[in-house]
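> For this one, chain A is given, so just place chain B on it according to the hints.
These are the residues of each chain, in order.
There are 2 protein chains.
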Amino acid sequence: MLSWIDGRPEELLSIKDRGLAYGDGLFETIAVTAGRPVLLERHLSRMAQGCARLNIALDQSLLRNELQAFCAALGNGIAKLIITRGDGLRGYAPPVAAQSRRILQGSPAASYAPENAREGVRLFACKTRLAEQPLLAGMKHLNRLEQVLARAEWDDPAYAEGLMCDVGGRVIEGVYSNIFMVRDGRLSTPDLSRCGVAGVMRAELLDQAAQLSIPCSVTDISPDELRSADEVFVCNSVYGVWPVLELLDCRWLAGPMTRRLQAIARDLLDS
Amino acid sequence: MLSWIDGRPEELLSIKDRGLAYGDGLFETIAVTAGRPVLLERHLSRMAQGCARLNIALDQSLLRNELQAFCAALGNGIAKLIITRGDGLRGYAPPVAAQSRRILQGSPAASYAPENAREGVRLFACKTRLAEQPLLAGMKHLNRLEQVLARAEWDDPAYAEGLMCDVGGRVIEGVYSNIFMVRDGRLSTPDLSRCGVAGVMRAELLDQAAQLSIPCSVTDISPDELRSADEVFVCNSVYGVWPVLELLDCRWLAGPMTRRLQAIARDLLDS
Numbered sequence: 001m002l003s004w005i006d007g008r009p010e011e012l013l014s015i016k017d018r019g020l021a022y023g024d025g026l027f028e029t030i031a032v033t034a035g036r037p038v039l040l041e042r043h044l045s046r047m048a049q050g051c052a053r054l055n056i057a058l059d060q061s062l063l064r065n066e067l068q069a070f071c072a073a074l075g076n077g078i079a080k081l082i083i084t085r086g087d088g089l090r091g092y093a094p095p096v097a098a099q100s101r102r103i104l105q106g107s108p109a110a111s112y113a114p115e116n117a118r119e120g121v122r123l124f125a126c127k128t129r130l131a132e133q134p135l136l137a138g139m140k141h142l143n144r145l146e147q148v149l150a151r152a153e154w155d156d157p158a159y160a161e162g163l164m165c166d167v168g169g170r171v172i173e174g175v176y177s178n179i180f181m182v183r184d185g186r187l188s189t190p191d192l193s194r195c196g197v198a199g200v201m202r203a204e205l206l207d208q209a210a211q212l213s214i215p216c217s218v219t220d221i222s223p224d225e226l227r228s229a230d231e232v233f234v235c236n237s238v239y240g241v242w243p244v245l246e247l248l249d250c251r252w253l254a255g256p257m258t259r260r261l262q263a264i265a266r267d268l269l270d271s
Numbered sequence: 001m002l003s004w005i006d007g008r009p010e011e012l013l014s015i016k017d018r019g020l021a022y023g024d025g026l027f028e029t030i031a032v033t034a035g036r037p038v039l040l041e042r043h044l045s046r047m048a049q050g051c052a053r054l055n056i057a058l059d060q061s062l063l064r065n066e067l068q069a070f071c072a073a074l075g076n077g078i079a080k081l082i083i084t085r086g087d088g089l090r091g092y093a094p095p096v097a098a099q100s101r102r103i104l105q106g107s108p109a110a111s112y113a114p115e116n117a118r119e120g121v122r123l124f125a126c127k128t129r130l131a132e133q134p135l136l137a138g139m140k141h142l143n144r145l146e147q148v149l150a151r152a153e154w155d156d157p158a159y160a161e162g163l164m165c166d167v168g169g170r171v172i173e174g175v176y177s178n179i180f181m182v183r184d185g186r187l188s189t190p191d192l193s194r195c196g197v198a199g200v201m202r203a204e205l206l207d208q209a210a211q212l213s214i215p216c217s218v219t220d221i222s223p224d225e226l227r228s229a230d231e232v233f234v235c236n237s238v239y240g241v242w243p244v245l246e247l248l249d250c251r252w253l254a255g256p257m258t259r260r261l262q263a264i265a266r267d268l269l270d271s
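These protein sequence lines map, in sequence, to chains A and B. Here the first sequence is numbered in the UniProt record's numbering, starting from 1 and rising by one per residue. Here the second sequence is numbered in the UniProt record's numbering, starting from 1 and rising by one per residue.
So here's chain A without its partners, still in its complex pose (with noise of 0.2 Å):
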């Protein structure tokens, strides 16, 4: 598949590139449909935000050309786009002069069953909690060892999602999604201050929930408060929205807001 680094097709990488040593870079995993990225300026703004807070240095506007021509070349598909700070010595200083560096990986679409988003998925409830660590919250870094721990604690294709918490119990997020819950006509999404990522497709999601008057809240949601949800969903960038019909014992129908939602997504992620 398409790969490149800082604009040149290319496939291999420096071994001393900071994002192997430490991670210490950031990523964003995008649908590409007919060779335009999907929700682009909500992708470049998220990596522009966790570059200012990592401070590492982006030419935003040659990432933006940078990404739109990958996207073309690619046509349909995902688009893995991952910055680190660069090349490091030795240590965790970061360099005085580092180049940050531009990876981009082509991938072909993602084959999930059709089944996940017309009927709903079940998750598991994975043991692996998230850490509490404000200063990295929110951000898609290259950190991901909680999340290969999560994913790595069942095999069974039944689950096509698992769900996290946190430390303290709360639930925070899928492994590789956002989660939504509905009760009441009130949709509510788990805060990110402490942990997890901050998905582009929640920020959208809850961006037209406010243009619809959809009373909307980011917030604390305890296993029990989800429990009682009248409709619980996930979503990610790739796929769009999942209905999530069980988690251990509960049970939940694809609601009129679950699929009100979905279809926002859908017409985001196919026009």
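Keep in mind the hints are simulated off the structure, nothing from the lab. Given the structure is predicted, the values throughout are model-derived calculations rather than measurements. Treat the hints loosely; a few may be bogus.
Said to hold, decoys possible - Straight-line distance between alpha carbons at most 25 Å, and here's what the computed PhoX-like set of lysine-lysine pairs gives:
id, chain 1, residue 1, chain 2, residue 2
1, A, Lys80, A, Lys140
2, A, Lys16, B, Lys140
3, A, Lys140, B, Lys127
4, B, Lys127, B, Lys16
5, B, Lys80, A, Lys80
6, B, Lys80, A, Lys127
7, B, Lys80, A, Lys16
8, A, Lys127, A, Lys140
9, A, Lys16, B, Lys16
10, A, Lys80, B, Lys16
11, B, Lys16, B, Lys80
12, A, Lys140, B, Lys140
13, A, Lys80, A, Lys16
14, B, Lys127, B, Lys140
15, B, Lys80, B, Lys140
16, A, Lys140, A, Lys16
Unchecked claim - Examples of chain A residues toward chain B, derived with CB under 8 Å:
id, residue
17, Glu11
18, Leu20
19, Tyr22
20, Asp24
21, Ile78
22, Glu132
23, Val167
24, Leu212
Glycine included, C-beta positions come from ideal geometry on N, C-alpha and C.
Relative to the frame of chain A, chain B by itself:
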């Protein structure tokens, strides 16, 4: 400088490597004296334990032979060993047939100021806190953004190291060292079961202290307890032991216990 991947001279890595994608791997930083890796058994054993915890398959005897050959070729300096889970497809799930990858990088001997060991160092008080994650605690894994953020907090060369506490305020470690305190002839070092890297020099000094019948404990240490210490020192497998003279308004002297353990570390590194 010398660098090998899977036993062959190589400076470039596949961008599909999960070490880059997720920090899905571990590392060791090994002092090399006259072609010999110092504390080799401890480094190999910590790497084996980390791989077992992350479920990364690793051929121990192949690694041992390769590391010895690499250090023989390097002569004097520092060998950095990275083990990753190897290449992956998109997604967190570890590939069923993952082939772990062995990356070795050589660098010249560290150029720390000789005063650090001779007189002692000042510690910077890092604001970056270590999150509590028992599943990852103790391991020298590749998810090191906390250390990157902490090390970026100061650039005044008057501080040779920084002190990191956990989110609960307990004293845990230096950014690239472990820390010990001495009080009334008793040695103690922080418990690392919630966070922190269990260094090989720390393990070596704990064992040596036990052999010398020095009373020793691995326990939670509060800033107040550190303040009340008679001696404080930091250690790692590259520089050995540095007395700590100063942290915020605390002052300590380079005392006899520190000097005794420093001599032991120096013998290991020099011989």
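> Each hint should be assessed against the structure and marked as holding or not.
Hints and how they fare:
no.	hint	result
1	A:Lys80 - A:Lys140	holds, 12 Å
2	A:Lys16 - B:Lys140	holds, 18 Å
3	A:Lys140 - B:Lys127	holds, 22 Å
4	B:Lys127 - B:Lys16	violated, 34 Å
5	B:Lys80 - A:Lys80	violated, 28 Å
6	B:Lys80 - A:Lys127	violated, 33 Å
7	B:Lys80 - A:Lys16	holds, 11 Å
8	A:Lys127 - A:Lys140	holds, 21 Å
9	A:Lys16 - B:Lys16	holds, 15 Å
10	A:Lys80 - B:Lys16	holds, 11 Å
11	B:Lys16 - B:Lys80	holds, 21 Å
12	A:Lys140 - B:Lys140	holds, 21 Å
13	A:Lys80 - A:Lys16	holds, 21 Å
14	B:Lys127 - B:Lys140	holds, 21 Å
15	B:Lys80 - B:Lys140	holds, 12 Å
16	A:Lys140 - A:Lys16	holds, 22 Å
17	Glu11	holds, 6 Å
18	Leu20	holds, 5 Å
19	Tyr22	holds, 4 Å
20	Asp24	holds, 5 Å
21	Ile78	holds, 7 Å
22	Glu132	holds, 6 Å
23	Val167	holds, 6 Å
24	Leu212	violated, 32 Å
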